[in-house]
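> Those protein sequences? They're chains A and B, same order as listed. Here our numbering = 1-based position in the first sequence + 271. Here our numbering = 1-based position in the second sequence + 494.
Just so you know, the hints here were simulated from the structure itself, not pulled from any lab data. Just so you know, not all the hints are guaranteed correct.
As the list claims (entries may be wrong) - Residues from chain B shown here face chain A by an in silico Cβ test under 10 Å; the list is partial:
| hint | residue |
| --- | --- |
| 1 | Phe-528 |
| 2 | Tyr-673 |
| 3 | Trp-677 |
| 4 | Lys-805 |
| 5 | Ile-807 |
| 6 | Gly-823 |
| 7 | Pro-825 |
| 8 | Ser-827 |
| 9 | Cys-900 |
| 10 | Glu-929 |
| 11 | Leu-939 |
Here the structure is a predicted model, which means the values were calculated and not measured. Glycine is no exception: its CB is placed at the ideal position from the N, C-alpha and C atoms.
Residue strings, one per chain:
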Amino acid sequence: MQSIKDRVAIIGMGCCKFGERWDSDVEDLLVESCYEAFDDAGIESKDIQAAWFGTTQQATGQVLAHAIKTEYIPITRVENACATGTDAIINACNAVAAGIYDIVLVAGVEKLKDSGVGYLSGGGGAPTAQISPAVPPPAQFAMAANRYFYRYGLSFQEGKKILGMIDVKNHRNGALNPKAHFQREITLDQALNAPMQAFPLGLYDCCGVSDGSAAMVITRGDLAKNFRKDYILIKGYGLSVGGQQGMLRDYYDFTHFDETRHAGKMAYDMAGITNPRDEVDLAEVHDCFSITELIIYEDMGWSKEGHAKDDIESGFFELKPGETSGLPVNPDGGLKCFGHPIGASGIRMVYEVYKQLQGKAGPRQIKNPRIGATQNLGGRPGSFSGAVSLWGLPG
Amino acid sequence: MVGITAYGAYIPRYRLGRETAGWNMPIEKPVCNFDEDTITMAVAAAMDCIRGEDRDTVDSLIFATSTPPYIEKQNAAMVAAAVDLRRDIITNDITNSLRAGTLALKTALDSVSAGSARQVIVAASDARTAEPGGEIDQAIGDGAGALLIGSKDVIATMTGFHTISEETQDYWRAEGDNYVRSWEDRFVFDTGYLNIMPEAVAGLLKKMNLTAKNVTRAVFYGPNQRRHQEMARKLGFAPEQVQDPLFGKMNNTGAAYPIMLLIAALETAKAGDRILFASYGDGADAYMIEVTEDIKKVKPKHGIKINLETKRIAKRRGVRGPEMKAQEGAPPSVSARWRQREAIDRLYGAKCLNCGLVQYPAQRVCSRCHSKDRWETVRLSDKKGKIYTFSLDYLVPGLDRPLAICIVDWECGGRGLFTGTDRDVEPAPGDIHCEAPVEMTFRKLRSSGGVHNYYWKCMPRRYPF
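The shape of chain A in the complex, shown without the other chains (with noise of 0.2 Å):
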């Protein structure tokens, strides 16, 4: 196995605005963070050799080919439920290491306040026996919280005031956000007193449902220098897809995630990052909810496994612009503020990498950040798609 390591650059990215776009659809979100990405890269749609484009929703590479008028180019629909935006860059990724194709594109989409209703309902899918509890995300992690309380010793109330200081960092860091879909502060009472959801998570620990889009030009990492001078390389990435083995192994804790810890190691191998808290300076992660995004913290080697508490109590992870200290997660208001239009998550994530690399995230600047990191995950606790991507300036 080989390394990705500074093989493929970014040269271009665009994302849209999240949020209910009941203006848009699925395609005029394309068109949006697509040509954003055209534009920042200095390119036009017909230099796009190929495309990997990532959606949840029923779809094949048409409807970006659709959206964009590319002309008869290879594109690859990809699809790893919350994972799937990261996913798709990573097949692009190797598509470009290898040098089949020279320019890229990687778009996600999604188009989800179309439902009618304000939460995932889930459903769909093939027909079944229909035995299993209809188990909503927020009660999928729910689990995890609960058991987390438990095994640690943490009272309801001081596990829900360690979740609420996530919500509110989260709120605080998208208000500075202009593309995030909620940009509205909110204090630890709030948070504390919301309504539940899924015991023992209430309204802000959950992440809402938004329209979105995001896309990346990638190039080998060789070429970049004909595009840009403040390019951005890849690192390193990982990809780990669970089969259930928390569910059948009675033994699984459902206090961290194995998925992320493989995803991630796979990645810090390739990056060549042996201690991952004083080596990466800023990361997005799936907060989904933010029982998850504590997890994050541990699987991924920032805080001491059972100890997310303390980092979290120190302001560790909070965002301090202009800055150097700590490791600043989620400084765009990750999924809870910017939002989660699932096929196009992992892709935003790296939008706000990309714009801190280069300086250019404004009042959510971090000071001379040189490796950040996103993490991705899509299922349940017990089965997951777990991925990560490192990214850095070059040199």
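Let chain A serve as the given structure and place chain B on it in line with the hints.
What follows is chain B alone, placed relative to chain A:
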């Protein structure tokens, strides 16, 4: 000698009682939860009955009720699958009459006597509905009783039998009726109950050359407390001979009622007791039963006593009958459900023969050691467990809110995802929390598209064994 070798029963955990909003009477009436019906109750009673007994020589199961969930599709087949009996047995529904339980008993006794079955399970279950708050409603309840009939270690044997079949229209329901109908009270009792049952009892006593004084215990059907007392006097039994009919605690449980009263009697019977046992409905059956020495060796079961004791008073009365008609939504994929029937009906998991990991459902390839196709079946329905972790979902639409979602770890190993039922979660989390002890219970998930979808749920530990 042929007779009863074991018994079992089930009474729903929730009772209407004094503190129940909308009921407020000192009468305790057991009511099915929204996810229970006569099939699920029969399964519970039969599982209680067969615990510790020999499943392998059960050659027949008879399901007796006046409220079958299906009218064209055999209900007994579902009961037999959930109880995990062999497939090469006779399964039979005996329905439509309040005498269905004792008619099933007669069939079972005859089968074993004739040698065409080694053991038979009779599972009688009923969940009748009547005009809410009315006289009939106050006297009836939901419940199930099961008897194991065989010829080894018989604890009670039938020494006499007499029956009357009577074409009468006293209580009835026709297709499409939700509530029990009846004719004028005076007619119903004068020509029906108070006329026919004494005729059957008199016929039995005459055959056997016995009188009421020779009977240790009189166990018999009654539509309500007052008429039951009237019958006792009419038959010549002193109050101390009469088995408590349990009105106001269990109530008249329809086709299951006589059998459940008999079980209550057997729980306190002594060797040599002579029990007069009579039922009523479109006629009457009268049995003479002798309790044997083997009553001392009978295995403990939940029966009536423990089921009566392990109760909760409902906070409010739920809805049933017309309001519980099929919900919207597509039916389950019948073919997918059939393919998974062993995991669904019998709750079969598998134990890897190589590394010992128990997995549910059974896996072709072991999740731990990756051995392929090397496992043995494990029945998980009768195993106790605990909740490893859980959630309470407040967003889900429907009756069961918040939905208790539980990861259950069984005492024998293995783990599964189940809904939690019969639970109090106000204030949250209540019964449902990490490490809470639970046991499995067979329930109806929902009815949709005309298909009743049955599966196992977990419930807070109710029984001591």
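> Find the hints from earlier in the document that the structure breaks and name them by number, from lowest to highest.
1, 2, 3, 4 and 5
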